[in-house]
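J.: Each chain is listed here by its residues.
There are 2 protein chains.
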Amino acid sequence: MKKLSAAELLELSPQRYRRLVRKGDWKKETFGVCRGHALTDLIIVSKEYAYDCLAFCNLNRQALSVVDITEIGSPHPKNLAPDADIRTDLPRYIVYKDGKIVDEPTDIMKYWRDDLVGFLLGCSGSFDWALREANIQPRSNGVFSTKIACTSYGIFHGNIAVSCRIFKNSAEAVRAIQISSRHNRMHGPPIHIGDPAAIGIQDVSKPDLIHPWGGLPPTIPSKEEVALFWPCSATIRGVALKSKIPFMIVDHLRCMLVTNALAEELSIL
Amino acid sequence: MKKLSAAELLELSPQRYRRLVRKGDWKKETFGVCRGHALTDLIIVSKEYAYDCLAFCNLNRQALSVVDITEIGSPHPKNLAPDADIRTDLPRYIVYKDGKIVDEPTDIMKYWRDDLVGFLLGCSGSFDWALREANIQPRSNGVFSTKIACTSYGIFHGNIAVSCRIFKNSAEAVRAIQISSRHNRMHGPPIHIGDPAAIGIQDVSKPDLIHPWGGLPPTIPSKEEVALFWPCSATIRGVALKSKIPFMIVDHLRCMLVTNALAEELSIL
Numbered sequence: 001m002k003k004l005s006a007a008e009l010l011e012l013s014p015q016r017y018r019r020l021v022r023k024g025d026w027k028k029e030t031f032g033v034c035r036g037h038a039l040t041d042l043i044i045v046s047k048e049y050a051y052d053c054l055a056f057c058n059l060n061r062q063a064l065s066v067v068d069i070t071e072i073g074s075p076h077p078k079n080l081a082p083d084a085d086i087r088t089d090l091p092r093y094i095v096y097k098d099g100k101i102v103d104e105p106t107d108i109m110k111y112w113r114d115d116l117v118g119f120l121l122g123c124s125g126s127f128d129w130a131l132r133e134a135n136i137q138p139r140s141n142g143v144f145s146t147k148i149a150c151t152s153y154g155i156f157h158g159n160i161a162v163s164c165r166i167f168k169n170s171a172e173a174v175r176a177i178q179i180s181s182r183h184n185r186m187h188g189p190p191i192h193i194g195d196p197a198a199i200g201i202q203d204v205s206k207p208d209l210i211h212p213w214g215g216l217p218p219t220i221p222s223k224e225e226v227a228l229f230w231p232c233s234a235t236i237r238g239v240a241l242k243s244k245i246p247f248m249i250v251d252h253l254r255c256m257l258v259t260n261a262l263a264e265e266l267s268i269l
Numbered sequence: 001m002k003k004l005s006a007a008e009l010l011e012l013s014p015q016r017y018r019r020l021v022r023k024g025d026w027k028k029e030t031f032g033v034c035r036g037h038a039l040t041d042l043i044i045v046s047k048e049y050a051y052d053c054l055a056f057c058n059l060n061r062q063a064l065s066v067v068d069i070t071e072i073g074s075p076h077p078k079n080l081a082p083d084a085d086i087r088t089d090l091p092r093y094i095v096y097k098d099g100k101i102v103d104e105p106t107d108i109m110k111y112w113r114d115d116l117v118g119f120l121l122g123c124s125g126s127f128d129w130a131l132r133e134a135n136i137q138p139r140s141n142g143v144f145s146t147k148i149a150c151t152s153y154g155i156f157h158g159n160i161a162v163s164c165r166i167f168k169n170s171a172e173a174v175r176a177i178q179i180s181s182r183h184n185r186m187h188g189p190p191i192h193i194g195d196p197a198a199i200g201i202q203d204v205s206k207p208d209l210i211h212p213w214g215g216l217p218p219t220i221p222s223k224e225e226v227a228l229f230w231p232c233s234a235t236i237r238g239v240a241l242k243s244k245i246p247f248m249i250v251d252h253l254r255c256m257l258v259t260n261a262l263a264e265e266l267s268i269l
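Residue numbers (this note's numbering), protein chains in the order written: chain F, 1 to 269; chain Z, 1 to 269.
If a hint is listed, it holds; no wrong ones were tucked in.
Put simply, identical chains are the same to the list, so a pair is met inside one copy or across any two.
Each computed SDA-like pair below joins lysine to any residue, with the alpha-carbon atoms no more than 20 Å apart:
id, residue 1, residue 2
1, K47, I155
2, K78, S152
3, K28, S5
4, K78, G154
The hints are simulated quantities; they were obtained by calculation from the structure and are not laboratory data. Here the structure is a predicted model, which means the values were calculated and not measured.
Bound conformation, chain F alone:
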């Protein structure tokens, strides 16, 4: 595949980007492509666990906001990307069995079964487009586990994971709270401002779940800077481990599905 410039990557259609992923021509994180499009994380479980999983997501919807659901046995998210295939259109997956990671494949064709269902979850990468349009470009500090417990349901339990963004001053942080609040299916507003220790994060420069997207390394905020923490779909990774769900597949770190919808089309609904 011919190397595309940053500008060309931004202008890729979701269809063309997903085709690159499907063909194995895109092997890295989903970043800097398909400007403005809603990005979603993924949970796949068996029919047997589908109700408890969906109820758990509903009760923790700021972290796990379900924006589309496939029919049981179908890999196609019929509302947000009917032409996508969740088995092949994300760059990499994590496969869990009984609370342990057993595989990190680039497609999940061999794991697919007729009793599986896919939930698409809103991702904060979706409102990053809106921050960018407002000329706000926080430093991403990665994703952290916290001491904040999820609302449990059935066997599903765990703690909320958060993404951390560092803003250069209070004015930008306030604007970011306004803008992300509009994107209520993409986690909405942050759940914490300021002191990371208050939510159980010992060192905000050392993300323990997902490292930041490219750019600068994670840092401790300066006196002027403001750290904001958003609930993150990576919450489900801790839940998969702790709850020992017999079988679950999720998207790998930063390897989201790009949907056909623009993030703005889904905002405030």
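Dock chain Z against chain F, hints included.
T.: Okay, now just chain Z, sitting in the frame of chain F:
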């Protein structure tokens, strides 16, 4: 029970109001009580249908926004009103069997089973408090069925029902769109402005599902007035009939559960 004044009714606590309902001392619609508290509609289904029902609600979440879920077999909504009992704390219920109404009881103790689960759904009565605080008091025109199809899931299908409010001018209608948008778990913004025929309503002065709450009778808007239409949880009533769900219980017309949460506490989340 001593007759309470309108002011006293507004200041009732959710606990005290629910106790009145439970004891049979409150037999009418849930209206004008517990100022500011979030009102929710109710769906009860068996475990067997719980997943499809919850997925259907998720895919139609502007109409059917699930804000709490009981554990299977439990009648207590542990997040929004743990001290409530969904079997007794709503003034009246509708019981469906195989797509037909079979009972309209004032409590459902005799129907309760260990395999039932309750979903609480956001209700637009919740954002009416915020409109009132902004000195906007639209005329309620009741609830209508429409020709807008829901996104189906499993056997669950039907059309969206809408509540109609008539505002005295454009300025108030715009303000109401802003205010209700903040209450995104309580239907959020309207889905239609203006011509009722465009969404399949032949006569906007003749609601076919639920008549307005007290006050003036439904009317045709004047030239200056603006009609706004919000998705409504009564959508599930048409779905129960059309989809012939073997067993389902919902709240009767305007007989909601009053939760412990303030509507504003749940807004923009």
